[in-house]
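Model the placement of chain B on the given structure of chain Z, informed by the hints.
Residue numbers (my numbering), protein chains in the order written: chain Z, 1 to 123; chain B, 1 to 508.
Just so you know, the hints here were simulated from the structure itself, not pulled from any lab data.
Owing to the predicted nature of the structure, the values given are computational and were not obtained by experimental measurement.
All C-beta atoms, glycine included, are put in the ideal place defined by N, C-alpha and C.
Hints may contain errors.
Said to hold, decoys possible - Incomplete in silico selection of chain Z near chain B, CB under 8 Å: (1) 10; (2) 11; (3) 26; (4) 48; (5) 93; (6) 95; (7) 98; (8) 99; (9) 102; (10) 106.
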Amino acid sequence: MAYALCLLLFMIGLYCAVVKKNMVKIVIGVLVMEYAVNIFLIMIGYRKDGIAPIVINDDELITGAGKVSEFFVNNSVDPLPQALVLTSIVISLGSLALMIALCIRLYEKYGTFDITQIRRLKG
Amino acid sequence: MSIPLPAFIAIPLVMAFLMPLVGSLLGRKANPVVTFLANAATIGVLFLAIVSIGNTEVYNVGKWPIPLGINLVLDGLSSLVLLAIAVVSVAAMLFSARYMEQYTAKAKYYCLFLLMVAGMNGVVLSGDIFNLFVFLEIASIASYALVGFGCEHEELEASFKYMVLGCIASTFVLFGVALVYAQTGSLNMAQIGGIIGGEPLSGPLAFALSMLVVGFGLKAALVPFHAWLPDAHPSAPAPISAMLSGVLIKALGVYALSRIIFNVFGVSESIGWVLIGLGVVSMVIGVFLAVGQWDFKRLLAYHSISQMGYVVLGLGIGAVILAQGGNKAWAGLAILGGLFHLINHAVFKSLLFLTSGSVEMSTGSRQLKQMGGLAEKLPFTRTACTVASASISGIPPFNGFWSKLILVIAAVQAGFYWLAAVTVLVSLVTLISFLKIQRYVFLGELPEKLEDTREHRGSMLTAMAFLACLCVLMGLLVIVPSLKSTILDPAVDVLVEGLEYSSRIINM
Chain Z
1 MAYALCLLLF MIGLYCAVVK KNMVKIVIGV LVMEYAVNIF LIMIGYRKDG
51 IAPIVINDDE LITGAGKVSE FFVNNSVDPL PQALVLTSIV ISLGSLALMI
101 ALCIRLYEKY GTFDITQIRR LKG
Chain B
1 MSIPLPAFIA IPLVMAFLMP LVGSLLGRKA NPVVTFLANA ATIGVLFLAI
51 VSIGNTEVYN VGKWPIPLGI NLVLDGLSSL VLLAIAVVSV AAMLFSARYM
101 EQYTAKAKYY CLFLLMVAGM NGVVLSGDIF NLFVFLEIAS IASYALVGFG
151 CEHEELEASF KYMVLGCIAS TFVLFGVALV YAQTGSLNMA QIGGIIGGEP
201 LSGPLAFALS MLVVGFGLKA ALVPFHAWLP DAHPSAPAPI SAMLSGVLIK
251 ALGVYALSRI IFNVFGVSES IGWVLIGLGV VSMVIGVFLA VGQWDFKRLL
301 AYHSISQMGY VVLGLGIGAV ILAQGGNKAW AGLAILGGLF HLINHAVFKS
351 LLFLTSGSVE MSTGSRQLKQ MGGLAEKLPF TRTACTVASA SISGIPPFNG
401 FWSKLILVIA AVQAGFYWLA AVTVLVSLVT LISFLKIQRY VFLGELPEKL
451 EDTREHRGSM LTAMAFLACL CVLMGLLVIV PSLKSTILDP AVDVLVEGLE
501 YSSRIINM
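Looking at chain Z on its own, in the form it has when it is part of the complex (with noise of 0.2 Å):
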């Protein structure tokens, strides 16, 4: 169900940045659909009723095999996503970054967030 929701998160993410006409609204699509797999990474790593994957005392541990116990196996949720994700926000931050300033200079130059009336290119 949870994994639907995220599929329609991207579905409207990029419905909206195909269709839209203005420049700031498609910029918002792009985001939302990096959102919903941001979303998406989240819950492969989610465990209902997980505990944190650190390892702080010794119950965890299985003494002197330098591994841990099957218990926190079995109830650690995946670090691993978490870490991904961080990742993929740093990145579309820097996208985004670049994404409104190009807006703020096509603006500039077209006085119109339109994107039907910026069309000097065509062929």
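Relative to the frame of chain Z, chain B by itself:
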């Protein structure tokens, strides 16, 4: 001999961030210094790429073993694409030294240029599917900024269009990566390949593969995902057009696509037909859109779509033969044709964009109808352009002829006679459109206002001469057996071996 793999990424990355620093420290005197440093960086990477040929290596970042850490993998296919990136970036960088004097902020331009090179090298070397996405974004973001570098109306418009489609493509790729991780629990390409292990793909994995094909297809500008390319590539400064058309769409698009399909997911007949379909449609539609263009660089950009079709077609024929369990030698021949055309296209298309830049700098126009009779005014540019045009149209003995010949032979051997026919037909239409360039730019009558046109010499000429020599000499790569077995065959073997890649990398 051990190759320092991180240096491929570290040299351009460190140099990239040195550029604005040196630029602001030295102020007005900075231009020669940054030009020298940037050229030194690309030539250093070229040297490394030449040394790395024939080596297979795995580098574990931070000494973490394979399932835990990120790793960089150098094999035949990587070193072939690395070599193409290095050659084109050396030529484009040399060309920029003179060409970019029309623009301000040279240091920032070099910074973005080197970032793009670092990103592409990273994509090609990465053995980790998420890391591939990160490098893909580094290269893409640098290229969005470079397309809009002139900050004029058309450039900003093209850049915005490119950026929106590029971001959508990256999101698709990330979605695919997330799905793959959810299904296999690993991000390492070799390990994922081992887990999938040649079984028919389950529903979610097939969905992930289709997401990745759409994402990389958008980056490679295959029809029907090509809408951004004819705007973005002509709007960039000429050396950047050469980089974008020459190597960016290949490293981010076709390389990533072939690595994912052949080595990670494993070939199947259906994905092979998808590749053939994309290839044929790109070839035919690209070339027919190109013939009608009157803007020099736009015409070249449409040809990029068409020529990428050849590469994907070769890979697709190989995939179908492999999936049907046919003769591996014929599959290898088709893939050889595709990969050889990939590096040939990198050379002749970047040369064509550089000549268009030289013409544009001399005449101040890109419109074919406003030019004419420039053969006497621009003799060297004319020679370079003729060599590149002959290469792209497949006239012997230039390099394009050999790769197209191999593709036709492979298609006939595989029994796809109609594909061979389409290949030859598209090649003819290509010839027509380049005759048009010769006719309207270099022959005919010289318009009055172009009477005092001068050719810009120096570094621009060196760059063009370098690529033109390669166009003539690269046919040797398939004719001389020793060159073929050191440069091309290892790359073909990587794709033909398919999922055995997995065990080979993990056991190293």
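Right, here's what the structure says about each hint:
1. 10: Cβ of residue 10 of chain Z sits 7 Å from chain B, so the hint holds.
2. 11: Interface hint status for residue 11 of chain Z: violated (11 Å vs cutoff 8 Å).
3. 26: At 6 Å from the nearest chain B Cβ, residue 26 of chain Z passes the 8 Å test, so the hint holds.
4. 48: violated, 16 Å
5. 93: Result: violated, 11 Å to nearest chain B Cβ.
6. 95: Result: holds, 6 Å to nearest chain B Cβ.
7. 98: Where the cut-off is 8 Å and the nearest Cβ of chain B is about 6 Å from residue 98 of chain Z, the hint holds.
8. 99: This hint holds: residue 99 of chain Z lies near chain B, its Cβ roughly 6 Å from the closest one there, short of 8 Å.
9. 102: At about 5 Å, which falls below the 8 Å cut-off, the nearest Cβ of chain B leaves the hint on residue 102 of chain Z intact, so it holds.
10. 106: holds, 5 Å
The structure does not agree with the numbered hints 2, 4 and 5 stated previously, though it agrees with the rest.
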